[in-house]
Amino acid sequence: MNDFNAFLTRSFAEAEQPADCGFSARVGAAVARREKAARVRSAIQLVGVSVGLAVAGYTLLGFVFGPGQEFLANTGLEAARAVGEFDRSAPQVAAQADQAAAGLIQSLGLGLTQILLIGGALLGGAVAYRSAQD
Amino acid sequence: MAARGVLNLVQASEAALIIAAQAKDQAAFGELVKRRQGWARALLRRMCAGNAAEADDLAQDAFMKAWDRMGDLETPAAFAGWFRRIAVTTFLMAKRRQKAIFEEIDDASPIAAEDSSPESAAGAKIDLERALARLSDAERLCVTLNHGEGMSHSEIVETTGLPLGTVKSHVLRGTEKLRRLLEAA
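Protein chains in written order, with this note's numbering: chain F, 1 to 134; chain D, 1001 to 1185.
Hints may contain errors.
Stated by the list, open to error - Covered by chain D, according to a simulated footprint, are these stretches of chain F (three or more residues, beta-carbon under 8 Å):
hint: 1; region: 43-56
hint: 2; region: 120-128
Stated by the list, open to error - DSSO-like mimics (lysine-lysine), calculated; alpha carbons at most 30 Å apart, straight line:
hint: 3; chain 1: F; residue 1: K36; chain 2: D; residue 2: K1034
hint: 4; chain 1: D; residue 1: K1034; chain 2: D; residue 2: K1024
hint: 5; chain 1: D; residue 1: K1168; chain 2: D; residue 2: K1099
hint: 6; chain 1: D; residue 1: K1034; chain 2: D; residue 2: K1065
hint: 7; chain 1: D; residue 1: K1024; chain 2: F; residue 2: K36
hint: 8; chain 1: D; residue 1: K1168; chain 2: D; residue 2: K1095
hint: 9; chain 1: F; residue 1: K36; chain 2: D; residue 2: K1168
hint: 10; chain 1: D; residue 1: K1095; chain 2: D; residue 2: K1034
The set of hints was computed from the structure by calculation and includes no laboratory data. Note that beta-carbon positions come from the ideal geometry of N, C-alpha and C, so glycine has one too.
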């Protein structure tokens, strides 16, 4: 059996190997295609993330300089009204806060649009990133 | 300039080509494929029982995986073993997709049946490749890695994920079958 094992090992070593016949060229072409596709995916990913960040930044800025200010003001008034409810010594502030409460709902509605835009941009960016990874 | 580059690439050592390929040099990897394709395709053709088309597809897959994972190779000297593992894994994945079961020893055909085959009776010349094709997939894989690639049983276990007892059994049975087939030829 040992003789046969040696014969077998020798037979394997002496066996002919297949000629190239264009195999290396096919692998080279496949590698080139893959690298090109990877570059395209990378560019798409970069554009997707940039657009997502730009939209998110623009929306965030719009929120801060638009309804954000109103929102913060209303929140402050709401806090004052709450304090006034507990402390009956400030009825005027509480009345103003009551009026502002309606405005708060409005500003929240406006803010919701901004939040949805940010969420959509982030989701879009995530989808672009995921597809680029695949 | 390009001709000189090609000349340098052809003259470069395998270690230099591997280091360049790790830096994503496609030309260096192409030269590496040229040098290693014969060995890789012969290995996979044996595993695929001589099915050249399937073996070449698997070899191409294995080289593509190698390209993607070149960064994982720690030293150029380890390339052969590292690539062999990729080739074997590629082959096993393909076979598992085809529902071939490697874990069971029972997939091997009985040794005694080989002597009564028409080829043996007719005294037809059976070379190594044809004899290998008569083994089961698992036997062929283990015998090829053991005798053809010089891997120990434990190295085959590490590469294929098969249990040690199964590997030993496949090598023993496969070798015995080959002995009978080649002696009968």
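Against the structure, the hints:
no.: 1; hint: 43-56; verdict: violated (count 0)
no.: 2; hint: 120-128; verdict: violated (count 0)
no.: 3; hint: F:K36 <-> D:K1034; verdict: 22 Å, holds
no.: 4; hint: D:K1034 <-> D:K1024; verdict: 17 Å, holds
no.: 5; hint: D:K1168 <-> D:K1099; verdict: 23 Å, holds
no.: 6; hint: D:K1034 <-> D:K1065; verdict: 16 Å, holds
no.: 7; hint: D:K1024 <-> F:K36; verdict: 13 Å, holds
no.: 8; hint: D:K1168 <-> D:K1095; verdict: 20 Å, holds
no.: 9; hint: F:K36 <-> D:K1168; verdict: 45 Å, violated
no.: 10; hint: D:K1095 <-> D:K1034; verdict: 26 Å, holds
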